[in-house]
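Colleague: Okay, here's what each chain looks like letter by letter:
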Amino acid sequence: MYDFSYHKPSSVADAVKLLAADPDAKAISGGHTLLPALKHRLNKPTSLVDLSGIAEMKGIKREGNAIIIGALTRHVEVANSDVVKGAIPALAYLASHIGDNQVRNRGTIGGSVSNNDPAADYPSAVLGLGATIHTSKRKIAADDFFLGMFTTAMEADEILVAVEFPIPEKAGYAKMKNPASRYVMAGAFIAKTASGVRVAINGAGPCVFRQTAMEAALAGNWSAAAIAGIKQDADGLNSDIHGSAEYRAHLVGVMAKRALAAAG
Amino acid sequence: MNAVAPFEGIGVRMRRKEDLRFLSGKGSYTDDMSRPNQTHCVFLRSPHAHAAIRSVDTAAAAAMPGVVRIFTGADYAADKLGGVPCGWLIHNKDGSPMNEPPHPVLAHGKVRYVGDAVAMVIAETREAARDAAEKIVVDYDVLPAVAGINEALAAGAPQLHEAAPRNICYDWHIGEKGPVDVAFAAAHKIVTLDLTNNRLIPNAMEPRAAIGEYDAHSGEYTLHTTSQNPHVIRLLMGAFVLNIPEHKLRIVAPDVGGGFGSKIFHYIEEAAVTWAAPKVGRPIKWTADRTEAFMTDAHGRDHISTARLALDKDGKFLALHVQTKANLGAYLSTFATSVPTYLYATLLAGTYTTPAIYAEVTSVFTNTVPVDAYRGAGRPEATFLLERLVDVAARETGIDRVEIRRRNFIKPDQFPYQTPVALQYDSGNYFATLDAALASSDWAGFEARRAEAAKRGKLRGIGISTYLEACGIAPSAVAGALGARAGLYEVGAIRVHPTGSVTVLTGTHSHGQGHETTFAQLVADQLGVPFDKVDVVHGDTSKIPFGMGTYGSRSLPVGGTALVKAMDKIIAKAKRIAAHLLEADVADIEFDPRAGAFKVAGTDRSKAWGEIALTAYVPHNYPIEELEPGLDETAYYDPKNFTFPGGCHIAEVEIDPDTGHVAMINFTAVDDVGRVINPMIVEGQVQGGVAQGIGQALLEACVYDAQGQLLSGSMMDYTMPRADDLAPVSVATHTTLCTHNPLGVKGCGEVGAIGSPPAVINAVVDALRDHGVRHLDMPATPAKIWSIINTRMAAE
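First to last, the protein sequences are chains S and W.
For the first sequence, my numbering begins at 98 and goes up steadily by one.
For the second sequence, my numbering begins at 169 and goes up steadily by one.
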């Protein structure tokens, strides 16, 4: 690990100031992605802006027909939240299956969503539920947020403050884990929402994406039969020592079927 | 009323003495130690698999804050010292010696694998050393690299060593080809199988570490290191590498967090920190991080083989012909050469009466980490080949796979049994372990379970392996004749203290096996001294006699036997002291370890242990003219033969055809490890070994790309078994005694890793029996299984 300076602001405004003042600064919350990178000397920030002291970024609440989860909320808190379990059980299920106990006790939703690791769990729920990202500057629709591998619409001095999830009629999540890392090899988050059916695929490609053919099929016929014949195109999907793009494309269909079954 | 002390000897599940300190954070590992005025060392490692070193510029690095000294390969070469030696000389088919290229401590002129050490940076802190290492400028001329066995043997392949034309270390054989050819010519059926034994990365929990220091006052060097055999390191490093006389070199291997073979070998970092210590005048500490462990700990396995089995019309095995190519990596690690030869091809008879066997092995250099012994070392490779081949033979002859094994088993009355590949088995009962495992696994009820699984859309399979292995490699004279450059005896000393407590000194080394418990039980059993009054000392060459360490499941059969012999000497001497005190003839003295007393036969006259021990050291009333004082005996034991554990492993799996995931449902192990000293420790050893075997079968794959870059270089990409990857492992033992050691013990450290991989793969192949699968190589990952199923479905 290289040396860096450390800041612990107590407000979003102060955190933004610190990030704006130093283009090589990095924000950190749970640290489950950044810390290993620092330890391996793969990242060399001049300073770390620790967000954990910012009270306004914490907590889970229901507002009308939406659940708003503060960016600093740890996975374990989402998994155990009665509010989330009551309104969007698929989201609580997803959170309860991220990594292992240690990861769930430290990792935060804001960190996961803003990092946009293609093999992370949360982006599928954000996209699959059509969530809205609240940042220090603005609100961004999920469809406009995830731009590519480890890339989002947020700017360098912009902080993810909360995620607003509309409560769906039904939703389900299923994933196949990478045998080594236990990150997502292919996952599907399927939701029947007020604005229509949404199918978000994570793990399989370089960035979470919507499976529009399945969405169209399910909109007309919410059943396994509707998507049984839909083949995911392997073009552009990830391929590595754990599985080919063709395997991942196949898994997309399997996981979609399982997510649909979980949604009921 | 006298309470009867609980029996703490052979056969009791004594809780492990060492666990209290391990579980409460009181273990003392090499990295826990800090020597006064210590410096820290980081090795700069090659990012290239194969390159010429044009220059190494350390000027900027040397000027970095906190840097003490930097050494390069040129500095080491200037001292005209040795490279790391190989401990086993193999001869080619034509009798000529193997090619043995130098294995430099610091790379000089050329690097040959990613991770090859180019320079060592010594600094006040580890971080300062790392910062400086990044400032070293190495001008590499990158050369074409080769990582795979077949690629290394191909015409025009990049050449690693001048001393190894065509990248070949040796071309070796065992057995007689003539009778094999005759048998094949007359065979009713010939079964052929091509198979790969996947390369593995050991991943002991504690990464390697070393602290080198030099005492200018005494001229003595001390190396603390994560080793399974400190005396072997002292001999190799002192005599062959650094020219340090052994009386001036102390090696300490304190608590060591797992080895699995990977800590047998003498590694370059040990020599480097010891060599550099007097030059900087301060102790030098190095600790590998996990990334370094992946790229520098010796890997395991990595064979490609073709096996042919000749059978008669009744399914009796007539002959076996095996051709194997083994990857040795970039340099010869300490015992690398013995693994694909004498620890592998000698096992090809397995549990069967195959009368003619001929095996040919070509070992090759590649631009990869050196490959050496890993839990089982050669025997898992032989077992996987044989037990897969037998399953294929069963299928292709139409004979049931259990039945074909029974027809070919060596029968209990055939022991001692001489195989055609050098070994002579002393004891075993393969029918008994088979029957017990079939019953325990409910083999007969499997088809109902398969049908039930099919209703759930799952493919269920069951697989069997009836394996044999050889432990406690011996005798020294035979191993020496075959090329071993080391003795293979073991030493034990029993030091009875004046008040009756006992210190055991053993040349074996415990790095998880529980020797402190097992050996204390042996003493409790044989001498009647309470378990808590026995301590076991190991791992420090300044404390223990010259021993050979721990590997190949040898500690109990070889090291334990040395202790028994030392205890026999203690008892004999104690009887003479007792005879003197009791004024009786020594022939009339009986020792009752349960009572802890020596008594005159047929009388009630006796002397307690404590009194005998005290008399030995306070010899006021003592036969001083005939007997030396003291009660402290040492024994060396060189076994007459290997020991031959064996048994039956049965795996049951369920495949999800949608994802290709293989779930372990059940695992049954019935092993014959000879007499069991502590059943709990044996069960733990078998379970751990089975976990590693399941890891090899289903999960673990060391992958290099064509340029020699390690793709599976971290836990993110190398699949170590986790608890939920495993199944309940039912462990039972069926004992036949080893006939040539006094305890009748055989060793249990490796049986789990040796017997289990073919059982698992046989189960996977069985699960896919309707998908046209004849064989698949390890690991059976979800992607691989899906690909097989999908290809089959597409073809239909």
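Calculated from the structure, these hints are not laboratory results.
Note that beta-carbon positions come from the ideal geometry of N, C-alpha and C, so glycine has one too.
Some hints could be false.
Once the Cα atoms are required to be at most 20 Å apart in a straight line, the calculated EDC-like pairs of lysine to aspartate or glutamate come out as [to be verified]:
#1 W/303 x S/261
#2 S/328 x W/892
#3 W/741 x W/760
#4 W/737 x W/796
#5 W/278 x W/247
#6 S/274 x W/822
#7 S/274 x W/307
#8 S/354 x W/824
#9 S/274 x W/892
#10 S/354 x W/796
Label-pair ranges, simulated between beta-carbon atoms [claimed, not checked]:
#11 W/875 x S/141: 54 to 64 Å
#12 W/890 x S/141: 11 to 21 Å
#13 S/156 x W/962: 47 to 57 Å
Listed below are several chain S residues computed to face chain W (Cβ distance under 7 Å; list not exhaustive) [claimed, not checked]:
#14 276
#15 277
#16 338
Colleague: Hint by hint, note whether the structure agrees.
Modeller: Quick rundown of the hints versus the structure:
1. W/303 x S/261: violated (47 Å)
2. S/328 x W/892: Since the Cα atoms of residue 328 of chain S and residue 892 of chain W sit roughly 31 Å apart, the hinted pair is violated (cutoff 20 Å).
3. W/741 x W/760: holds (15 Å)
4. W/737 x W/796: It holds: about 13 Å lies between the C-alpha atoms, which stays within 20 Å.
5. W/278 x W/247: Holds, because 18 Å separates the two Cα atoms, which is no more than 20 Å.
6. S/274 x W/822: holds (17 Å)
7. S/274 x W/307: Cα-Cα ~41 Å, so violated.
8. S/354 x W/824: holds (14 Å)
9. S/274 x W/892: Within the cut-off at roughly 13 Å; holds.
10. S/354 x W/796: Violated. Residue 354 of chain S to residue 796 of chain W sits at ~83 Å, over the 20 Å cutoff.
11. W/875 x S/141: 54 to 64 Å: violated (27 Å)
12. W/890 x S/141: 11 to 21 Å: For residue 141 of chain S against residue 890 of chain W, whose Cβ atoms are near 32 Å apart, the range 11 to 21 Å is violated.
13. S/156 x W/962: 47 to 57 Å: holds (51 Å)
14. 276: At about 5 Å, which falls below the 7 Å cut-off, the nearest Cβ of chain W leaves the hint on residue 276 of chain S intact, so it holds.
15. 277: The hint holds - residue 277 of chain S has a Cβ within 7 Å of chain W, the shortest such distance being about 4 Å.
16. 338: The hint holds - residue 338 of chain S has a Cβ within 7 Å of chain W, the shortest such distance being about 5 Å.
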